[in-house]
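Q: The residues making up each chain are set out below.
Number of protein chains: 2
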Amino acid sequence: MSPKRTRGQNAGLTRQAILQAALALADREGLKALSMRRIGQELGVEAMSLYQHVAGKDALLDGLVEQLFTQAAPPLAKAASWQEGLRAYGHTLLRVLLAHPNVIPLVVGRPAITPQNLHLMEDALHMLRATGLPLERALDMLYAVTGFVVGHVAILTAGGSDRHAPGNRLRAIPDPDLRETPLLAEATRARRSSGPDPRFGFALEAMLRGFETE
Amino acid sequence: MSPKRTRGQNAGLTRQAILQAALALADREGLKALSMRRIGQELGVEAMSLYQHVAGKDALLDGLVEQLFTQAAPPLAKAASWQEGLRAYGHTLLRVLLAHPNVIPLVVGRPAITPQNLHLMEDALHMLRATGLPLERALDMLYAVTGFVVGHVAILTAGGSDRHAPGNRLRAIPDPDLRETPLLAEATRARRSSGPDPRFGFALEAMLRGFETE
DNA sequence: ACCACTATACTTACGACGTAAGAATCCGTG
DNA sequence: CACGGATTCTTACGTCGTAAGTATAGTGGT
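From first to last, the protein sequence lines stand for chains U and C. Residues 1 to 214 (my numbering) make up the first sequence, in order. Residues 215 to 428 (my numbering) make up the second sequence, in order.
One should not assume that every hint holds.
Pair by pair, the computed Cβ-Cβ distance ranges are [claimed, not checked]:
1. C/Asp-411 to U/Thr-213: 15 to 21 Å
2. U/Glu-180 to C/Asp-241: 41 to 47 Å
3. C/Glu-260 to U/Ala-99: 40 to 46 Å
4. C/Arg-251 to U/Gly-132: 54 to 60 Å
5. U/Gly-132 to C/Ala-238: 46 to 52 Å
What the simulated footprint calls covered on chain U by chain C, stretch by stretch (three residues with Cβ under 8 Å from a Cβ of chain C suffice, anywhere in the stretch; the number is not a length) [unchecked claim]:
6. 98-109
7. 124-138
8. 198-212
Within a straight-line C-alpha distance of at most 25 Å, the following computed DMTMM-like cross-link-like pairs (lysine to aspartate or glutamate) qualify [claimed, not checked]:
9. U/Lys-78 to U/Glu-29
10. U/Lys-57 to C/Glu-419
11. C/Lys-246 to U/Glu-29
These aren't lab readings, by the way, just hints derived from the structure by calculation. Backbone N, C-alpha and C fix where the C-beta goes; we use that ideal spot for every residue, glycine too.
Given the sequences, and given the hints that come with them, work out the whole structure.
A: Okay, here's the thing in structure tokens:
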């Protein structure tokens, strides 16, 4: 009944399993809850056991970011034109990031230069160049789109992450005081009633068009 | 000679002075060095003394972000058209953020909903509406530009903040392994040799144009 | 001159953190 | 069965944010 293990008994730990548990924990309780001890607890294991599979906390956080980007990469790989590829990549990345709002500060705060992620970028460059884009321009656009999406999401989820850690909602401004900032209050109220992101797609298109007509 | 104080002697602490010292410390030694004890030490004071002027560490970090946005707000306030205002705001914000690369994760990770910042947004909305923009659209654009700049900077400074805390350089990718990712290596090398941000202005213009012709 | 009173700074203390070092246990191979 | 590497657990150290309590300096009234 009790899954108690003794000392050297393999607990089935994996880098992947650890990252998954950490991501789930971050989603559920916020970044502040992401301590080694807590993650271990989540896996029925002591904190120090994790160090067999990840080099340290920073490496673990890099791994989290890597997980997210890995999810967003495929659409880019199998597109016909660079416009279509970047568009699909942008929307997918947006969706992935919004699915894990608590982790967004990590995505922004660290480049996550894991081997895995470097290969993702390499593949993307291959694809973009295959559809007839100068190499340097391809990197620029990859950065521009990624930066735009990340920034957009950062603004969207501002205030969510840890302030009121569990159960954070996805909004821009937390009900500003009406008498102090009436315009702001009215504008955010109006904005919130419309769909979740009517402006994102448009701005992204504007960027793609801009790159086209350079 | 010795600036030693005894117990109740006023040390000249202020919220402003604390924030300034903290910002300088973060610029100099990275976010990880930003502990209450360390900041106090910087001001010749014990950690707990700071709590008389800031509510806690989170509030202090919010204050840091507030400082940055306050620096970027003026250009928007005194512009003739919304295009000009947003353009000036974007470029100024970019400059301010790049001047403090270490704190960028904070800017992204927290909305810094301080009263001060809410008023900044309120003023911006006033200005944008005065030059003939629907309120809701004004907020959209403010968010879009802010998000774009933040994202751009986040990507630009990725890897800097704490990894090798002091003396971080401002680059996108840290010399990827040539044999693993040849395209990426070549593209980043080419990119780095050109100016610091040839693409930012263009992308920003594309966005503004896009909003115009909606 | 004295005395509350308030503002400010310091001291101590607690629990949680990341992780270095080493001991204990399991498991595959001989 | 023996043993050696892999994996986990235990213990320990220094640092963190901050709650609670204490001591000192300045201030205004008498």
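Q: U/Lys-57 and C/Glu-419 were given as a pair; does the straight-line alpha-carbon distance stay at or below 25 Å?
A: The given pair, whose Cα atoms are some 40 Å apart, is violated under the 25 Å limit.
Q: Can you take a look at whether the stretch 198-212 of chain U is actually covered by chain C? Rule is 3+ residues, C-beta closer than 8 Å.
A: holds (count 9)
Q: U/Lys-78 and U/Glu-29: Cα distance at most 25 Å?
A: violated, 35 Å
Q: Do three or more residues from the stretch 98-109 of chain U put their C-beta atoms closer than 8 Å to C-beta atoms of chain C?
A: holds (count 4)
Q: Taking 54 to 60 Å as the stated bounds, is the beta-carbon spacing between C/Arg-251 and U/Gly-132 within them?
A: Since C/Arg-251 and U/Gly-132 have Cβ atoms about 57 Å apart, the given range 54 to 60 Å holds.
Q: Between the beta carbons of U/Gly-132 and C/Ala-238, is the distance compatible with 46 to 52 Å?
A: holds, 48 Å
Q: Starting from the range 15 to 21 Å, see whether the pair C/Asp-411 and U/Thr-213 falls in it by beta-carbon distance.
A: Between C/Asp-411 and U/Thr-213, where Cβ atoms are some 20 Å apart, the hint holds.
Q: Determine whether the Cβ-Cβ distance between C/Glu-260 and U/Ala-99 falls within the hinted range of 40 to 46 Å.
A: holds, 44 Å
Q: Tell me if the beta carbons of U/Glu-180 and C/Asp-241 are separated by a distance inside 41 to 47 Å.
A: violated, 31 Å
Q: Is the listed coverage of the stretch 124-138 of chain U by chain C valid when you require three or more residues with a beta carbon under 8 Å from a beta carbon of that chain?
A: Holds, because 6 residues of the stretch 124-138 of chain U bring their Cβ atoms closer than 8 Å to Cβ atoms of chain C.
Q: What's the verdict on C/Lys-246 and U/Glu-29, does the C-alpha distance respect the 25 Å limit or exceed it?
A: Given pair C/Lys-246, U/Glu-29 holds - Cα atoms ~22 Å apart, limit 25 Å.
Comparing the model with each earlier hint shows violations of hints 2, 9, 10; every other hint is respected.
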